Amino acid sequence: MDRVAGPGFTRRWRRSFLWGLGRIAIVLVLLYTLIPILWVVAISFRNPVQTMTIPPEILVQPTFRHYQALFSGVWGDFTAYYINTIIVCALAVLLSLAVGMPAAFGLSRDMVHRRWSTIFLGAMTIIYAIPPISLAIPFYDIFSDLGLFDTKTGLVLAYQSRVLPFVVWMMKTFFDEIPRELDDAGMVDGLTRVQVARRIVLPLSAPGAFATAVFCLILVWNDLPLALVLTDTPRAKTLTVGIVSFVQENVTLWNPMSAAAVVALVPIVFFVLLIQRRLVQGFGTGLKG
Amino acid sequence: MVASREKGSQRTGILLLLPAGILISALMVYPVGHMVGMAALQDGKFAASRWGILLYRDGVFWKALWNTLIFVVTSVTGEMIAGLLFALLLWERQGALANTIRGIILLPSMLSPAVVGIVWLLLFYPFGLVNWGATLLGIGRLQYLADSRLAMASIVFVDIWQWTPFVFIFILAGLTGMPVEPREAARVDGASAWQLFWHITLPLLRPTLAVALMFRVIDAFRAFDKILIMTNGGPAEATTILSIYLYKVSFHYQNWGYGALLALILIAVTLVFQWTYDTFVIRKVA
Numbered sequence: 001m002d003r004v005a006g007p008g009f010t011r012r013w014r015r016s017f018l019w020g021l022g023r024i025a026i027v028l029v030l031l032y033t034l035i036p037i038l039w040v041v042a043i044s045f046r047n048p049v050q051t052m053t054i055p056p057e058i059l060v061q062p063t064f065r066h067y068q069a070l071f072s073g074v075w076g077d078f079t080a081y082y083i084n085t086i087i088v089c090a091l092a093v094l095l096s097l098a099v100g101m102p103a104a105f106g107l108s109r110d111m112v113h114r115r116w117s118t119i120f121l122g123a124m125t126i127i128y129a130i131p132p133i134s135l136a137i138p139f140y141d142i143f144s145d146l147g148l149f150d151t152k153t154g155l156v157l158a159y160q161s162r163v164l165p166f167v168v169w170m171m172k173t174f175f176d177e178i179p180r181e182l183d184d185a186g187m188v189d190g191l192t193r194v195q196v197a198r199r200i201v202l203p204l205s206a207p208g209a210f211a212t213a214v215f216c217l218i219l220v221w222n223d224l225p226l227a228l229v230l231t232d233t234p235r236a237k238t239l240t241v242g243i244v245s246f247v248q249e250n251v252t253l254w255n256p257m258s259a260a261a262v263v264a265l266v267p268i269v270f271f272v273l274l275i276q277r278r279l280v281q282g283f284g285t286g287l288k289g
Numbered sequence: 001m002v003a004s005r006e007k008g009s010q011r012t013g014i015l016l017l018l019p020a021g022i023l024i025s026a027l028m029v030y031p032v033g034h035m036v037g038m039a040a041l042q043d044g045k046f047a048a049s050r051w052g053i054l055l056y057r058d059g060v061f062w063k064a065l066w067n068t069l070i071f072v073v074t075s076v077t078g079e080m081i082a083g084l085l086f087a088l089l090l091w092e093r094q095g096a097l098a099n100t101i102r103g104i105i106l107l108p109s110m111l112s113p114a115v116v117g118i119v120w121l122l123l124f125y126p127f128g129l130v131n132w133g134a135t136l137l138g139i140g141r142l143q144y145l146a147d148s149r150l151a152m153a154s155i156v157f158v159d160i161w162q163w164t165p166f167v168f169i170f171i172l173a174g175l176t177g178m179p180v181e182p183r184e185a186a187r188v189d190g191a192s193a194w195q196l197f198w199h200i201t202l203p204l205l206r207p208t209l210a211v212a213l214m215f216r217v218i219d220a221f222r223a224f225d226k227i228l229i230m231t232n233g234g235p236a237e238a239t240t241i242l243s244i245y246l247y248k249v250s251f252h253y254q255n256w257g258y259g260a261l262l263a264l265i266l267i268a269v270t271l272v273f274q275w276t277y278d279t280f281v282i283r284k285v286a
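Those sequence lines, one after another, are chains B and H. If you count by my numbering, then the first sequence holds residues 1 to 289, one letter each, in order. If you count by my numbering, then the second sequence holds residues 1 to 286, one letter each, in order.
It is possible that part of the hints are untrue.
Claimed, not checked - With a straight-line cut-off of 20 Å between C-alpha atoms, the simulated DMTMM-like cross-links for lysine to aspartate or glutamate are:
no., chain 1, residue 1, chain 2, residue 2
1, H, K248, B, D232
2, H, K45, B, D141
3, B, K152, B, D232
4, H, K63, H, E237
5, B, K152, B, D141
6, H, K248, H, E237
7, H, K248, B, E249
8, H, K248, B, D77
9, H, K248, H, D58
10, H, K63, H, E181
11, B, K152, B, D77
Stated by the list, open to error - Listed next, the stretches of chain B that the computed footprint assigns to chain H, with coverage defined by at least 3 CB atoms under 8 Å from CB atoms of chain H:
no., region
12, 150-160
13, 257-269
Because the hints were derived from the structure by calculation, they are not lab data. Here the structure is a predicted model, which means the values were calculated and not measured. Where is the CB? At the ideal position from N, CA and C, for every residue including glycine.
Just need the whole structure built from these sequences, with the hints factored in.
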């Protein structure tokens, strides 16, 4: 009754109150997310003395010397780690796409017996669930025997255990979205299955393949356990491993430590911007996996 | 004609799957088999004594198992609740600004756990921002990572900070794909916002929540990098979870057989969870 009689004054007030509350909450969430990251960026440009002041100074004259020191090799060959990371990421992603996409296509078009596809997808699910640090133990043993320990090749192979299941799932869902009528039309025109895949399905799923590649890139870029166990020297050591050794040896050198962290996170920010629009979709893909 | 083409298609299909199949066998079947050998054998004989050590004499193992369960349950619970709240907050907001906000909120989940470890090492250190904020609130300076009563809580908090955005984006995808009609109908019938959420939105969201939970639990079992950097399992094993313990046993103490046994136990725990959850929850809900 009240609702009809008091024409919306309280209701309108209540709604604008809730609206404002929502805005405040969003700002708080943003601060909660951003302050830790910005703090590390800030520390990487400061001198140690300015890091210790309480309350923290907001504006200080920035210094670049921690970055210079980091790449001059005082605490390990970070230049080599960086290059290694880029090479390993690129090769691991290319290999997983080259191997995973044909498999995803075959599975999407039911080209093998049901029994095989069940086994195949089951194995993908299991390997994805295995914690990498557990898998690193036999890898270490096997790779040492094969001469793959502390090599980029070994690392690229080891990473397939992380990214291949991902590529197969994600690409299968993208292929599934492309209507089979297109395949049939192509085959009526005399194309083979593989030609259909190359000329019709692949171009249509290119955006999906791109998003998959970036996701895998992030996965490999961010990994620690496998690289930590399977590398030892600047020959193959990656950025995250370099960071861990740094922290374990110089736990109080906050400023160069944050410089190392910033150097590792900048490309990620770039990757996220690249696929920002597809992020929701990318995570949603997991739903069907 | 059709049959022969079917057969040809089968053959092509096998060829398409073969490289991935070989790689998976080389990366899973063989290493896991090798690991079973490492764990079960010692100098060519069955190493039964390892199980005795594990079950009766290794207190750290039981502590690590308990810590793992505590870590997984508390951090995933926190992430699910916070992720749901974030998603409800940003749901139904569109435009470039909303997109940017979403991208920013997502950042922690995209960062390397090693980088996140450094971020929070810096925030938690005695002169860090957290302690500064705490003194402002009158709590006083605390040793968040060095105090054995606080270390696990701090680690859980950092894990929640990093992975809430993952749950958030997952739920957001679920909310966006949800049919509008039931909510419209209920709104016309005069349902309150809370009733809408509790009786319409939440039940429709159940499959999404169930899958997000599974992804998070599987991932929480493998947490490693952040803990290695922030506490290295300490103080006094307060944050030693299975992954950290098996790493130390293998690579610091060089006890390969025992490390492999611990690694197999971690795999078993994860897979048993995955299978049980998939059979009894996902199949029912999704």
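Against the structure, the hints come out as follows:
1. The suggested pairing of K248/H with D232/B holds, with an alpha-carbon distance near 16 Å, which does not exceed 20 Å.
2. Straight-line distance between C-alpha atoms of K45/H and D141/B comes to about 19 Å, which keeps the hinted pair within the 20 Å bound.
3. About 11 Å separates the Cα atoms of K152/B and D232/B, which keeps this hinted pair within 20 Å; it holds.
4. Proximity of K63/H to E237/H is assessed by CA-CA distance (about 8 Å); at most 20 Å being required, the pair is judged to hold.
5. With a CA separation close to 16 Å, the supplied pair K152/B and D141/B stays within the 20 Å bound.
6. Under the criterion of a C-alpha separation no larger than 20 Å, the hint pairing K248/H with E237/H is consistent with the structure, at around 12 Å.
7. A C-alpha spacing of about 17 Å is found between K248/H and E249/B, which places the hinted pair at or below 20 Å, so the restraint holds.
8. A distance of roughly 25 Å separates the Cα atoms of K248/H and D77/B; the hinted pair therefore is violated under the 20 Å criterion.
9. As the CA atoms of K248/H and D58/H are separated by approximately 14 Å, the hinted pair is consistent with the 20 Å bound.
10. Taken as a hint, the K63/H and E181/H pair is broken in the structure, with Cα atoms around 50 Å apart against an allowance of 20 Å.
11. A threshold of 20 Å between alpha carbons decides the hint, and for K152/B with D77/B the separation of about 16 Å falls inside it, so the pair holds.
12. For the region 150-160 of chain B, the stated coverage by chain H holds: 3 residues have a C-beta nearer than 8 Å to a C-beta of that chain, and at least 3 were required.
13. Against chain H, the region 257-269 of chain B contributes 8 residues with a C-beta closer than 8 Å to a partner C-beta. That satisfies the three-residue criterion, and the hint holds.
Violation of the numbered hints given earlier is confined to hints 8 and 10; the remaining hints are satisfied by the structure.
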